[in-house]
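Chains as they are written, first to last, in my numbering: chain A, 22 to 379; chain B, 2 to 273.
The set of hints was computed from the structure by calculation and includes no laboratory data.
Glycine included, every Cβ here is placed at the ideal spot set by N, Cα and C.
One should not assume that every hint holds.
Taking beta-carbon pairs under 8 Å as the criterion, some of the chain B residues facing chain A (in silico) [unchecked claim]: (1) PHE5; (2) MET145; (3) HIS177.
According to the in silico footprint, chain B covers these stretches of chain A (three or more CB under 8 Å from chain B) [what the hints assert, rightly or not]: (4) 87 to 100; (5) 222 to 232; (6) 261 to 275.
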Amino acid sequence: MKFLLFLSFFPGFLVALTIHEAAHALVSKWLGDRYAEKQGRISLNPMRHLSVVGTLMLFVLGFGWGKPVPVNLYNYKHPKFYYLLSSLAGPFSNILLFVISIGLMYGLNFVCQTEPGKTSLTTLGHIAYSLLWTFLYSLLYINMILAVINLIPIPPLDGSKIWPCLFPGMRAVFSGRATWIWIVVLIMVMRGDMLDKYLLGPVIHFTQRLVPAMLYEQASLPSDFPAEMQAPNDAHYVHYGRTMDANGEPNSFTTYFGLDQPYPAAEYRCQLAERLTARGWSRLRRADNKDPNEWKTGDMTEGEDGSYRTLMWSEQWGKEGREFCFEMGYYIDPNSHILNEMPFVEYKYAINCPEITK
Amino acid sequence: MISFFRELAALPLKLLFWICHFLHIPRKASAAALVWKISREVFWVNTWILQAAQEQGIEKARDLAGRLLELHKDARIALQMGVMEYRFLKNPAAAGEWIRRAEAANCNFQEELLYLKLILADHIPSYRPERIIDEILLRNDLSMEYSRAARLVQAELWIRRREWQKADDLLNAMLHIESEPQIHIYKWMTSLALNQPEQGQEELLIARKGLPDHRSLFFEALGMFYLGRPAEARELLARSIHQGMDVRDILLGEPALASILPPPETAGGNGR
Numbered sequence: 022m023k024f025l026l027f028l029s030f031f032p033g034f035l036v037a038l039t040i041h042e043a044a045h046a047l048v049s050k051w052l053g054d055r056y057a058e059k060q061g062r063i064s065l066n067p068m069r070h071l072s073v074v075g076t077l078m079l080f081v082l083g084f085g086w087g088k089p090v091p092v093n094l095y096n097y098k099h100p101k102f103y104y105l106l107s108s109l110a111g112p113f114s115n116i117l118l119f120v121i122s123i124g125l126m127y128g129l130n131f132v133c134q135t136e137p138g139k140t141s142l143t144t145l146g147h148i149a150y151s152l153l154w155t156f157l158y159s160l161l162y163i164n165m166i167l168a169v170i171n172l173i174p175i176p177p178l179d180g181s182k183i184w185p186c187l188f189p190g191m192r193a194v195f196s197g198r199a200t201w202i203w204i205v206v207l208i209m210v211m212r213g214d215m216l217d218k219y220l221l222g223p224v225i226h227f228t229q230r231l232v233p234a235m236l237y238e239q240a241s242l243p244s245d246f247p248a249e250m251q252a253p254n255d256a257h258y259v260h261y262g263r264t265m266d267a268n269g270e271p272n273s274f275t276t277y278f279g280l281d282q283p284y285p286a287a288e289y290r291c292q293l294a295e296r297l298t299a300r301g302w303s304r305l306r307r308a309d310n311k312d313p314n315e316w317k318t319g320d321m322t323e324g325e326d327g328s329y330r331t332l333m334w335s336e337q338w339g340k341e342g343r344e345f346c347f348e349m350g351y352y353i354d355p356n357s358h359i360l361n362e363m364p365f366v367e368y369k370y371a372i373n374c375p376e377i378t379k
Numbered sequence: 002m003i004s005f006f007r008e009l010a011a012l013p014l015k016l017l018f019w020i021c022h023f024l025h026i027p028r029k030a031s032a033a034a035l036v037w038k039i040s041r042e043v044f045w046v047n048t049w050i051l052q053a054a055q056e057q058g059i060e061k062a063r064d065l066a067g068r069l070l071e072l073h074k075d076a077r078i079a080l081q082m083g084v085m086e087y088r089f090l091k092n093p094a095a096a097g098e099w100i101r102r103a104e105a106a107n108c109n110f111q112e113e114l115l116y117l118k119l120i121l122a123d124h125i126p127s128y129r130p131e132r133i134i135d136e137i138l139l140r141n142d143l144s145m146e147y148s149r150a151a152r153l154v155q156a157e158l159w160i161r162r163r164e165w166q167k168a169d170d171l172l173n174a175m176l177h178i179e180s181e182p183q184i185h186i187y188k189w190m191t192s193l194a195l196n197q198p199e200q201g202q203e204e205l206l207i208a209r210k211g212l213p214d215h216r217s218l219f220f221e222a223l224g225m226f227y228l229g230r231p232a233e234a235r236e237l238l239a240r241s242i243h244q245g246m247d248v249r250d251i252l253l254g255e256p257a258l259a260s261i262l263p264p265p266e267t268a269g270g271n272g273r
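Just need the whole structure built from these sequences, with the hints factored in.
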């Protein structure tokens with residue numbers, strides 16, 4: 022699962038890294054230093070920028086790096102200022118690509134969506150759309166992460182070149198000695214929780230607020246499904262499923278839907294409750310769960326597949342001797358520390374109602 | 002794309018080579034040769050030649066480098082051999098011969114030879130230092146090492162001519178960019194000459210941290226020599242030799258120091 026996720030991000034990593042390194046080289050050339058150009062670094066060929074070890078580490082440690090772009094500060098007319106500009110060029114190019122990716126995602130959705138929940142895409146078009154959207158999504162994230170991480174002042178990251186140029190009295194070139202010590206420090210920082218919690222977490226949270234949702238052709242409620250199972254209109258994807266109940270009968274109905282808004286628990290619980298009440302159902306009992314609005318990270322339980330944590334809310338409703346049990350589930354990435362930072366929350370109404378179909 | 006996969010394929014061998022290196026396992030020339038054949042990274046052809054010199058002697062290494070130079074037409078091989086001839090064998094004439102061979106073979110990367118020409122400029126009359134410095138400084142596609150070396154030689158030339166202020170300005174500009182021990186040690190010289198002893202002392206302390214004792218003492222002797230204080234220069238030079246500085250390196254660095262070299266029996270050290 023994680024490997025597939027990683028693979029889906031690899032094309033974005035290639036593009037982001039290539040543009041990042043080529044931007045350093047190009048700006049350095051504009052500022053008077055052609056050393057990087059002579060080394061073939063003003064190129065959109067990723068292979069010119071990929072470091073063998075950095076690429077392998079991507080698979081081993083979960084983060085990688087490219088070949089550093091060599092610059093000769095003595096070729097700059099104003100060494101410190103120009104070094105600052107050429108060092109900023111990499112992160113700036115990533116921010117630019119980030120903005121372009123978001124623009125393209127909105128553009129793509131604008132072109133493909135006819136009305137909420139409906140698209141103009143054929144099956145093949147959906148596949149192409151999904152691939153393109155996944156690529157843009159990965160590009161957007163990798164660019165944001167590259168831009169932010171590269172501002173950390175630890176060699177060999179760009180931040181170690183940028184910050185000294187900003188402080189008067191500091192030399193432009195950070196001492197190149199003890200490079201391996203810095204790499205160990207960097208690995209410790211990258212593998213530790215602090216980076217996720219205090220830097221990448223808030224940045225990803227911010228990014229999530231800007232990213233549009235992927236378009237899905239919203240599935241219609243199957244004709245033999247109870248009407249109560251209709252997903253909310255603003256769900257950006259919907260899946261209706263049917264499985265066997267405890268007696269081996271196909272009477273378990275499930276509605277899955279995803280929402281961009283993280284944690285609107287009360288709203289959707291109330292929406293369903295209203296719908297049930299309107300159809301004459303009344304609440305019989307509720308499992309002894311906390312109110313979903315008070316859920317905290319510590320209340321999570323491990324999901325069945327181990328890769329997600331699930332928060333469940335369940336209630337029993339009854340009407341004319343029939344029983345309707347619904348569960349509302351939130352599937353949450355275990356790596357997220359804060360509920361509100363969820364990229365999206367997947368909800369599930371699961372109803373076991375044999376009486377309805379008989 | 003090919004080079005990336007070549008480097009990738011050579012990675013296990015590189016690791017093996019470095020493990021052998023750290024464990025001091027001899028006879029690594031063939032491993033380096035194999036890495037070069039797979040990766041085609043110039044670092045590894047140089048390592049191969051260096052290992053061959055250590056394991057089979059300089060003549061074999063010269064033969065190997067000559068064959069590789071003819072075959073690959075890469076002036077960086079000549080640069081490696083030239084630096085080796087100069088640094089390890091203290092033979093500027095032989096080093097200069099590699100420049101001639103690379104030029105005769107019409108090799109690629111001829112600009113890389115400028116560094117060798119620069120360090121040989123004091124020893125081969127046809128390479129006038131000012132001309133080589135200009136040639137390096139006029140280009141904007143060379144590595145920072147070349148620009149730094151050219152500026153340091155320029156500073157040294159001005160110091161020799163007692164053009165202290167010009168040297169000091171150049172060194173200040175360099176120190177604005179980076180902190181290298183040799184820049185600090187030259188700055189120490191100009192600071193003393195310009196009557197800034199406190200600044201000089203600071204520079205000397207920084208330089209000493211980045212240089213081995215014998216090198217630091219050699220540069221201090223050189224500074225005293227240029228400042229016209231031969232007695233102190235002689236004493237520092239003796240201490241430098243006592244700490245392990247090779248007399249041949251001293252004479253390669255500044256032939257004029259021959260006049261104040263201490264007699265061998267009092268100097269101690271290694272290199273006579």
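Against the structure, the hints come out as follows:
Below 8 Å, beta-carbon pairs count as interface contacts, and PHE5/B has one with chain A at about 4 Å; its hint therefore holds. Proximity of MET145/B to chain A holds as hinted, the smallest CB-CB distance being about 4 Å (cut-off 8 Å). Below 8 Å, beta-carbon pairs count as interface contacts, and HIS177/B has one with chain A at about 7 Å; its hint therefore holds. Requiring three or more residues with a Cβ within less than 8 Å of a Cβ of chain B, the coverage given for the region 87 to 100 of chain A holds, as 7 such residues are present.
Interface restraint, the region 222 to 232 of chain A with chain B: violated (0 residues with C-beta to C-beta distance below 8 Å; minimum three). For the region 261 to 275 of chain A, the stated coverage by chain B is not satisfied: 0 residues place a CB nearer than 8 Å to a CB of that chain, which falls below the threshold of 3.
Hint compliance for this structure: hints 5 and 6 are broken, all remaining hints hold.
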